[in-house]
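There are 2 protein chains.
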Amino acid sequence: MRLQPTTLRTDRKSTDTSKTVGLTVFPREEFDARVAACKQRMREMELDVLFITDPANMHYLTGYDGWSFYVPQCVVVALDEAEPIWIGRGIDAPGVPVTTYLKPENVYSYLDSYVHKDDCHPMDYIADVLIQRGFSDKTIGVEMDSFYFTAACYKLMEYWMPDATLRDCKFLVNWQRLIKSEKEITLMRQAGEIMDRVMTAALDNIAPGVRQCDLAALIRQVQVEGTDEFGGDFPAIEPMLPSGVHTSIPHLYWTDQPFKAGELTVMELAAARHHYHCPMARTVFLGDPPPKHLNEFAKVAEEGIEASLAVVKEGIQAEDMETAFRETLAKYGYVKASRMGYSTGLNFPPDWGEHTVSIRPGDKTVLRENMTFHMIPGLWGDDLGLEISQTFRVTKNGYEPFGTIPRKLFVKS
Amino acid sequence: MRLQPTTLRTDRKSTDTSKTVGLTVFPREEFDARVAACKQRMREMELDVLFITDPANMHYLTGYDGWSFYVPQCVVVALDEAEPIWIGRGIDAPGVPVTTYLKPENVYSYLDSYVHKDDCHPMDYIADVLIQRGFSDKTIGVEMDSFYFTAACYKLMEYWMPDATLRDCKFLVNWQRLIKSEKEITLMRQAGEIMDRVMTAALDNIAPGVRQCDLAALIRQVQVEGTDEFGGDFPAIEPMLPSGVHTSIPHLYWTDQPFKAGELTVMELAAARHHYHCPMARTVFLGDPPPKHLNEFAKVAEEGIEASLAVVKEGIQAEDMETAFRETLAKYGYVKASRMGYSTGLNFPPDWGEHTVSIRPGDKTVLRENMTFHMIPGLWGDDLGLEISQTFRVTKNGYEPFGTIPRKLFVKS
Numbered sequence: 001m002r003l004q005p006t007t008l009r010t011d012r013k014s015t016d017t018s019k020t021v022g023l024t025v026f027p028r029e030e031f032d033a034r035v036a037a038c039k040q041r042m043r044e045m046e047l048d049v050l051f052i053t054d055p056a057n058m059h060y061l062t063g064y065d066g067w068s069f070y071v072p073q074c075v076v077v078a079l080d081e082a083e084p085i086w087i088g089r090g091i092d093a094p095g096v097p098v099t100t101y102l103k104p105e106n107v108y109s110y111l112d113s114y115v116h117k118d119d120c121h122p123m124d125y126i127a128d129v130l131i132q133r134g135f136s137d138k139t140i141g142v143e144m145d146s147f148y149f150t151a152a153c154y155k156l157m158e159y160w161m162p163d164a165t166l167r168d169c170k171f172l173v174n175w176q177r178l179i180k181s182e183k184e185i186t187l188m189r190q191a192g193e194i195m196d197r198v199m200t201a202a203l204d205n206i207a208p209g210v211r212q213c214d215l216a217a218l219i220r221q222v223q224v225e226g227t228d229e230f231g232g233d234f235p236a237i238e239p240m241l242p243s244g245v246h247t248s249i250p251h252l253y254w255t256d257q258p259f260k261a262g263e264l265t266v267m268e269l270a271a272a273r274h275h276y277h278c279p280m281a282r283t284v285f286l287g288d289p290p291p292k293h294l295n296e297f298a299k300v301a302e303e304g305i306e307a308s309l310a311v312v313k314e315g316i317q318a319e320d321m322e323t324a325f326r327e328t329l330a331k332y333g334y335v336k337a338s339r340m341g342y343s344t345g346l347n348f349p350p351d352w353g354e355h356t357v358s359i360r361p362g363d364k365t366v367l368r369e370n371m372t373f374h375m376i377p378g379l380w381g382d383d384l385g386l387e388i389s390q391t392f393r394v395t396k397n398g399y400e401p402f403g404t405i406p407r408k409l410f411v412k413s
Numbered sequence: 001m002r003l004q005p006t007t008l009r010t011d012r013k014s015t016d017t018s019k020t021v022g023l024t025v026f027p028r029e030e031f032d033a034r035v036a037a038c039k040q041r042m043r044e045m046e047l048d049v050l051f052i053t054d055p056a057n058m059h060y061l062t063g064y065d066g067w068s069f070y071v072p073q074c075v076v077v078a079l080d081e082a083e084p085i086w087i088g089r090g091i092d093a094p095g096v097p098v099t100t101y102l103k104p105e106n107v108y109s110y111l112d113s114y115v116h117k118d119d120c121h122p123m124d125y126i127a128d129v130l131i132q133r134g135f136s137d138k139t140i141g142v143e144m145d146s147f148y149f150t151a152a153c154y155k156l157m158e159y160w161m162p163d164a165t166l167r168d169c170k171f172l173v174n175w176q177r178l179i180k181s182e183k184e185i186t187l188m189r190q191a192g193e194i195m196d197r198v199m200t201a202a203l204d205n206i207a208p209g210v211r212q213c214d215l216a217a218l219i220r221q222v223q224v225e226g227t228d229e230f231g232g233d234f235p236a237i238e239p240m241l242p243s244g245v246h247t248s249i250p251h252l253y254w255t256d257q258p259f260k261a262g263e264l265t266v267m268e269l270a271a272a273r274h275h276y277h278c279p280m281a282r283t284v285f286l287g288d289p290p291p292k293h294l295n296e297f298a299k300v301a302e303e304g305i306e307a308s309l310a311v312v313k314e315g316i317q318a319e320d321m322e323t324a325f326r327e328t329l330a331k332y333g334y335v336k337a338s339r340m341g342y343s344t345g346l347n348f349p350p351d352w353g354e355h356t357v358s359i360r361p362g363d364k365t366v367l368r369e370n371m372t373f374h375m376i377p378g379l380w381g382d383d384l385g386l387e388i389s390q391t392f393r394v395t396k397n398g399y400e401p402f403g404t405i406p407r408k409l410f411v412k413s
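Chains L and D, in that order, give the protein sequences. Letter by letter, the first sequence follows residues 1 to 413 of our numbering. Letter by letter, the second sequence follows residues 1 to 413 of our numbering.
Keep in mind that the hints were calculated from the coordinates and are not lab data. All clues stand as given, with none of them false.
Pairs of lysine-lysine, BS3-like flavour, derived with a Cα cap of 25 angstroms: (1) L:K138 to D:K155; (2) D:K117 to L:K155; (3) L:K336 to D:K117; (4) L:K336 to L:K408; (5) D:K138 to L:K155; (6) L:K170 to D:K117; (7) D:K396 to D:K364.
If you're wondering where the values come from, they're calculated on a predicted model, not measured in any experiment.
With the sequences and hints as input, model every part of the structure.
What follows is the structure, given as structure tokens:
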């Protein structure tokens, strides 16, 4: 039995990128505004220099792109310098003029003999550049909790620059990314369009007997194929597809096993456009009618997310969304202990969350127009999990959803 | 024009996993042997406790799996404890009994209120567990250069455990992974089978006018679809597909633009089976005949990799492979400055390399049977790059290739 032939097409238009910086889609002015805003925050935090290793933050400030973040690399912003500096691996340096606006004299690269060696480290070179540029006695903000600023990088920076003051910049650029520009919103809207195709393909094709890996393969294809007008990007997380009793384990991927009749499957997926994400989770039961307890569980989840979305608008606090959800749950005697969402947008593996605002008690961030969230109030029992989520943009009076698949438990007979 | 319909199939068998631990494919005895070997190395390095955060190393020692490495988590091996300890996030803890052999009393999880907060950190909880288990004054090996042991994690461990001695374990478990078991070799061989399908699909479908994103989508599908007998896993790196002048930038991915006649495309891809990789790079020129200088460049690359593979066998040193390549290049007046390969096998994003042996001058690691490498002597000029690679296992008298696509420049008219 063969389902849903997918095809490789040659009749599609390509996107016009004539007015953008290199391979990115943002105009130079937008980068200049981002760097200016970053410097303003640096002044407020009394930082002379900012040392950025998070690939999303590097991309945000300069456009730099490429799968090179598995070796040390950075973008450095200094109050005394007009433009940022890029330092990375030699074979990745040719990517800088192609993806950024940086001038050649602000690009430094280390020899390949520094890579994965036990007697030297790329940070030896990077620290040397920082010293040459006159930063040896400055107050330097570092991303203490960035995946790509390892403990070794920190210790070596401390070792080579004893007169510098290293200070945690506390996700300075991540916070700066919280409110999206019109151009960023456009990309997330496009990601939403792709996401609808991805989830539709997944819901249409999941069936008893289909191997989980075959469905995951289809999902991965549709994510990148995109639409007739624009292609897709890789999401920062692989398809998460727990099925059966594994639905109580949200971050499992697919197996070789077939989906089974009478079982539930959670699909937490995303689509991305130029690294801007629209995540979406839906849950599907293979069998009609579903068991009574599942219908009841789904009713709580469905009513909960609608209650939570109903309070969204500029001016409320992040925790207000959680309160609305929690009160709905309480009516049915349920409690949820984990957070129910987070700020999303631009990111690289391993996470599409921005590590700033969380939708949970105590987060008093005031919502502003064009903040973007993934609201995902997952409910997990001992052997059962259910996720229905929504990515959206905050508006003056409510929200604009990215992705339009109905927020309900799907049932396939 | 529609090419190569791909299909979602429901007629495939699933793999027998009845004799394995949870969702992994290794028997309990293999994990016991790995932990025993790890403890032996700990004794040699005079470490009482080993704190593991690299998801590949966590998986290697316990089988633990799931896309949960974007929050702090660890596996702890102590000389005084029979079995490892897992510490991670609450919503990920149900994955431990499903993917590992660990006993419940060795599993600890932190509340979601620790995640992405500015007034507390998961390491606060993790350090507390380590202290409770009696490790506060021990010599603890940490992975100083693991992506998932950030500078903040290190500083907090130091803060909470002032009487402990923290010492870089120098990729202890990575080095342990260098020689593969028969079962691991089987997985890499299967990855090689999938890789042949992936590269065949890519070479068959690349053509002028095809959008790069559509080819990338197909590649991503075939990677995970696998074969009729077994499914594929996600590789640790997304398809790298630089085309035209971008071939001089090895780590770029696809764009929305179409492939063009008269242009070169480098495809550095991989397939994976249960996180074990077979990477493969091939280069294709769209146009026949290719320009003379390209043919000459290709001849050097082709002759170079064959010369390098010809010296492979147990007993040589890693650098001997590079010498053979360099001498071939020198005949034609070329020089290559970057390393030409590395140990590969088990890994998670963002890298499929193992961060141990490199194929380059000065690496005197003596090759042993069942070490596995990705030999990738990429040649990059100012506006031209060419990659032809081979993943292989070292044998007594030579090598066993994983993936069988001819090692040559492909030309499509």
